[in-house]
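For the record, the sequence lines run as chains A and B. Quick note on numbering: the first sequence equals residues 1 to 500 in my numbering. Quick note on numbering: the second sequence equals residues 1 to 500 in my numbering.
Possibly wrong hints are sitting among the right ones.
[Claimed, not checked] EDC-like mimics (lysine to aspartate or glutamate), calculated; alpha carbons at most 20 Å apart, straight line:
#: 1; chain 1: A; residue 1: Lys-42; chain 2: B; residue 2: Asp-233
#: 2; chain 1: B; residue 1: Lys-41; chain 2: A; residue 2: Glu-282
#: 3; chain 1: B; residue 1: Lys-42; chain 2: A; residue 2: Asp-233
#: 4; chain 1: A; residue 1: Lys-108; chain 2: B; residue 2: Asp-13
#: 5; chain 1: B; residue 1: Lys-42; chain 2: A; residue 2: Asp-226
If you're looking for bench data, these hints aren't it; they were derived computationally from the structure.
Number of protein chains: 2
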Amino acid sequence: MLIRTTTGELYKDYVQRMQRIADLRYANAVLQWDQETYLPKKGAGFRGQQLATLGELAHEFFTAGTMGNLLEELGSRTDLDPLQLRNIELSKYDYEKSVKLPSGFVRKMSEQVTKSYHAWVIARRQNSFALFQPELEQLTALKKQEADYLGYENHPYNALLNDYEKGSNVQWLDGIFGKLLVPLKTLVDSVLDQQQNEVADPLAQYFPKDVQWAFCNDLLSQMGFDTDMGRQDLSEHPFTTSFSPQDVRITTRIDEHNLGYMTWSTLHELGHAWYEQGLPIEEYGLPLGEACSLSIHESQSRFWENCIGRSPAFCEWLLPVICKHFPEQMKGVSAGQLYQSLNKVKPSLIRTEADELTYHFHVMIRYEIEKKLMAGDLQVVDIPILWKELYFKHLGIKVPDDKHGCLQDIHWSHGSFGYFPTYSLGSFYAVQIFESIKQKQIPTEEDIRSGNFSGILQWLQQKVHTKGRFLDTDALCFSVCEKGLDSAIFVNYAMGKFLP
Amino acid sequence: MLIRTTTGELYKDYVQRMQRIADLRYANAVLQWDQETYLPKKGAGFRGQQLATLGELAHEFFTAGTMGNLLEELGSRTDLDPLQLRNIELSKYDYEKSVKLPSGFVRKMSEQVTKSYHAWVIARRQNSFALFQPELEQLTALKKQEADYLGYENHPYNALLNDYEKGSNVQWLDGIFGKLLVPLKTLVDSVLDQQQNEVADPLAQYFPKDVQWAFCNDLLSQMGFDTDMGRQDLSEHPFTTSFSPQDVRITTRIDEHNLGYMTWSTLHELGHAWYEQGLPIEEYGLPLGEACSLSIHESQSRFWENCIGRSPAFCEWLLPVICKHFPEQMKGVSAGQLYQSLNKVKPSLIRTEADELTYHFHVMIRYEIEKKLMAGDLQVVDIPILWKELYFKHLGIKVPDDKHGCLQDIHWSHGSFGYFPTYSLGSFYAVQIFESIKQKQIPTEEDIRSGNFSGILQWLQQKVHTKGRFLDTDALCFSVCEKGLDSAIFVNYAMGKFLP
Numbered sequence: 001m002l003i004r005t006t007t008g009e010l011y012k013d014y015v016q017r018m019q020r021i022a023d024l025r026y027a028n029a030v031l032q033w034d035q036e037t038y039l040p041k042k043g044a045g046f047r048g049q050q051l052a053t054l055g056e057l058a059h060e061f062f063t064a065g066t067m068g069n070l071l072e073e074l075g076s077r078t079d080l081d082p083l084q085l086r087n088i089e090l091s092k093y094d095y096e097k098s099v100k101l102p103s104g105f106v107r108k109m110s111e112q113v114t115k116s117y118h119a120w121v122i123a124r125r126q127n128s129f130a131l132f133q134p135e136l137e138q139l140t141a142l143k144k145q146e147a148d149y150l151g152y153e154n155h156p157y158n159a160l161l162n163d164y165e166k167g168s169n170v171q172w173l174d175g176i177f178g179k180l181l182v183p184l185k186t187l188v189d190s191v192l193d194q195q196q197n198e199v200a201d202p203l204a205q206y207f208p209k210d211v212q213w214a215f216c217n218d219l220l221s222q223m224g225f226d227t228d229m230g231r232q233d234l235s236e237h238p239f240t241t242s243f244s245p246q247d248v249r250i251t252t253r254i255d256e257h258n259l260g261y262m263t264w265s266t267l268h269e270l271g272h273a274w275y276e277q278g279l280p281i282e283e284y285g286l287p288l289g290e291a292c293s294l295s296i297h298e299s300q301s302r303f304w305e306n307c308i309g310r311s312p313a314f315c316e317w318l319l320p321v322i323c324k325h326f327p328e329q330m331k332g333v334s335a336g337q338l339y340q341s342l343n344k345v346k347p348s349l350i351r352t353e354a355d356e357l358t359y360h361f362h363v364m365i366r367y368e369i370e371k372k373l374m375a376g377d378l379q380v381v382d383i384p385i386l387w388k389e390l391y392f393k394h395l396g397i398k399v400p401d402d403k404h405g406c407l408q409d410i411h412w413s414h415g416s417f418g419y420f421p422t423y424s425l426g427s428f429y430a431v432q433i434f435e436s437i438k439q440k441q442i443p444t445e446e447d448i449r450s451g452n453f454s455g456i457l458q459w460l461q462q463k464v465h466t467k468g469r470f471l472d473t474d475a476l477c478f479s480v481c482e483k484g485l486d487s488a489i490f491v492n493y494a495m496g497k498f499l500p
Numbered sequence: 001m002l003i004r005t006t007t008g009e010l011y012k013d014y015v016q017r018m019q020r021i022a023d024l025r026y027a028n029a030v031l032q033w034d035q036e037t038y039l040p041k042k043g044a045g046f047r048g049q050q051l052a053t054l055g056e057l058a059h060e061f062f063t064a065g066t067m068g069n070l071l072e073e074l075g076s077r078t079d080l081d082p083l084q085l086r087n088i089e090l091s092k093y094d095y096e097k098s099v100k101l102p103s104g105f106v107r108k109m110s111e112q113v114t115k116s117y118h119a120w121v122i123a124r125r126q127n128s129f130a131l132f133q134p135e136l137e138q139l140t141a142l143k144k145q146e147a148d149y150l151g152y153e154n155h156p157y158n159a160l161l162n163d164y165e166k167g168s169n170v171q172w173l174d175g176i177f178g179k180l181l182v183p184l185k186t187l188v189d190s191v192l193d194q195q196q197n198e199v200a201d202p203l204a205q206y207f208p209k210d211v212q213w214a215f216c217n218d219l220l221s222q223m224g225f226d227t228d229m230g231r232q233d234l235s236e237h238p239f240t241t242s243f244s245p246q247d248v249r250i251t252t253r254i255d256e257h258n259l260g261y262m263t264w265s266t267l268h269e270l271g272h273a274w275y276e277q278g279l280p281i282e283e284y285g286l287p288l289g290e291a292c293s294l295s296i297h298e299s300q301s302r303f304w305e306n307c308i309g310r311s312p313a314f315c316e317w318l319l320p321v322i323c324k325h326f327p328e329q330m331k332g333v334s335a336g337q338l339y340q341s342l343n344k345v346k347p348s349l350i351r352t353e354a355d356e357l358t359y360h361f362h363v364m365i366r367y368e369i370e371k372k373l374m375a376g377d378l379q380v381v382d383i384p385i386l387w388k389e390l391y392f393k394h395l396g397i398k399v400p401d402d403k404h405g406c407l408q409d410i411h412w413s414h415g416s417f418g419y420f421p422t423y424s425l426g427s428f429y430a431v432q433i434f435e436s437i438k439q440k441q442i443p444t445e446e447d448i449r450s451g452n453f454s455g456i457l458q459w460l461q462q463k464v465h466t467k468g469r470f471l472d473t474d475a476l477c478f479s480v481c482e483k484g485l486d487s488a489i490f491v492n493y494a495m496g497k498f499l500p
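Using the sequences plus the hints, can you model the full thing?
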């Protein structure tokens, strides 16, 4: 049957099927977004069931035998254009990965994720890992089963790592983190010795919630976030989600005693959102309409949060914007002071509030724990103990409780084991892209100082966003930076910035 | 195959299939809710596609041949309990109606509804029916096609009327409205003669949006709305939607120059929401977990909006609540004045702001227009002209523009032709239920005066909400009121209230 059909017709059939699946996945994303922003407490039960049904259906449709045959036949055609060819190639890769997971398992996982998420919210609120533990145990067992379904060599964690970041594995990451550990520790120690540790942080004052919210929306608007194709809301844990490139949502959380948390988290999510908004709309539902990889996604958020957002030029631009909303709190504060406080290196408890250097210890700690957990060398119940040990070992600090320890991140409640390493990878890619932009003589500094971000954004759109998944992570890095991933570039950047 | 399976197994299969379909339908409702509350402007296109996919899938699953066979087989079993039997009976009815509509048609309709809705929003904003007309023409053509698919006797409108209110048709409604017209006109004329028309309306002042919002949430909380299983948001047009009995959402709209609009619209939606929250949770996804009918749904909203909300006792309770939020505006206003202003009869332009009497002319006008439109006796382009004629004929007023005319309601943009009559029917049922409660000596008046609404709510839950679709509209009315629908009871109630 298929053999006698023209390639054009087959490809059209493929696009229609993929878009139908995308509709289900994006609907799922809407339900998840609502779950984390507006869902009434008791609505969680049926919402979990609804999410599971949508997830299961999307999986069923994508893994259907007819889809496999269609991809097989299209893959053998010689008259696809390069974009079509790449879509088919990527869909075949995704298909082969997806068929390894039975539909019933996908449903079970989705239901367990909902339960775990709600348990995590309560556990975090009540500052008690014990309330999360039983659900996390169930979830961990399922993730091990998932690793078995997906298959792996050497280490079960590899299956999950590869799922989030194609090609990544324990050996490779051990190498990267191993190479980073000593220079980074040395750098942190030097900075801690040299920096003025007594300077008061102007962002650690009382900033009322509603004024922060107004400031935040003003900031987004001045940065150029297009609210005709996106919006911002509040949630327990900041995130970005997308229902199409024309409807990208970010969330933030407000700490009334620190303006920095909301502000740089917003810049972070803005970077993610711009990436999603910049994906090619005509490829909706197809691989080329998706982001290259999680690490490249993270490079976009870390780029705006750190490389731009924590630069001297940005501080010069930002200060008057903050002052407009908080004239009292910011009285007498200089851009230099703002820059100092933003870039103060300080071993701390919370990953999302960490400085650019110590941040990676937070990631490495989670990486170690996940690796042990997946290998069966660590029981869920022992996570808090190991967490405390590692924070003391790497950062020299004592973790007072679960809320400031292993309950701080949402990821495990979502079953996202293997996700954290992409945060460090993303930071390294961000720095490499940033160095590239500077070499290309895009007048970033003057632009930033005058609040003109469109030139930089356009460059990123052209080099990264519009490419979708056309290039693999490594190839994209080469095409943008003329070399592959190299954490030494990050260390150089960090030395230049923190030990001037 | 089916014949050899036990009834218990078959019924379980039925429940699972129905719940899966319900998950899709409720997901669709979440996407619609989001569309009318938070969707960024440019997100509308893909959202339309996503809604169409979910709608089409739910339809496909429900109309699958296997579902038909399952229902057929279950319908022949003799060992179902009465609740199961009723579920199967109702599902068979729904199934037979649904299979008349091809899946492609359902998708087309869903896509056209999205287009029409967005055209309506813009047309209304710009006060120009011409901007809505092309989309409404497309939609009207589809609705005629739908009537043909569904089948009808005598009048194509009957197919749509029956779709919203099982058993209703043009002949029956002509009878009800015909019987009402003269007594209602006579009553309105008498009231207009007798009432003091110069009394100033204390609710027609400036009430800032944010204070109205705080008041509204306070009102809901004091009335007993459980925000653990529901919430309120703002939208262009107030509505109630449900994603399960444990997640029921209402919306409202704020007019800063009139406190009444938001307040009584909230009471109206609260009535709908309480009905949805009171449906039996264990019947999720099954007919018995659904509301009896649209007119009974409307009876619950009109009950709280009018029978309770516009009563003297309620005014006594409400006044201090309003005063707490608006001490300046309400200075010197008495409960009696509030009651007078709430129940002032005045022919007006906007249905949702109409008094209890003239309201029904608004409905009858829409009914006449829809009847002609479906019969092909009226072209879409001529709606504004006929609208103006009928408003002058029935209410003696001139319609200044489309916004205050045929663009005021969202319904046609949703393709809801045949829906409006359920509003009048609902009002009549509301009054009959209200008279019943009073006869049953539930101490409604003292309860209302002291803000204790739980007794009334519990009575409604017991007699109406928890029944789901177990009884048909007529049977439910008999079981609650000991007689069927009789608009004369409404006229009597109205005479007692408005010509004391």
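Hint check:
no., hint, verdict
1, A:Lys-42 - B:Asp-233, "18 Å, holds"
2, B:Lys-41 - A:Glu-282, "18 Å, holds"
3, B:Lys-42 - A:Asp-233, "18 Å, holds"
4, A:Lys-108 - B:Asp-13, "18 Å, holds"
5, B:Lys-42 - A:Asp-226, "10 Å, holds"
Of the numbered hints stated above, none is contradicted by the structure.
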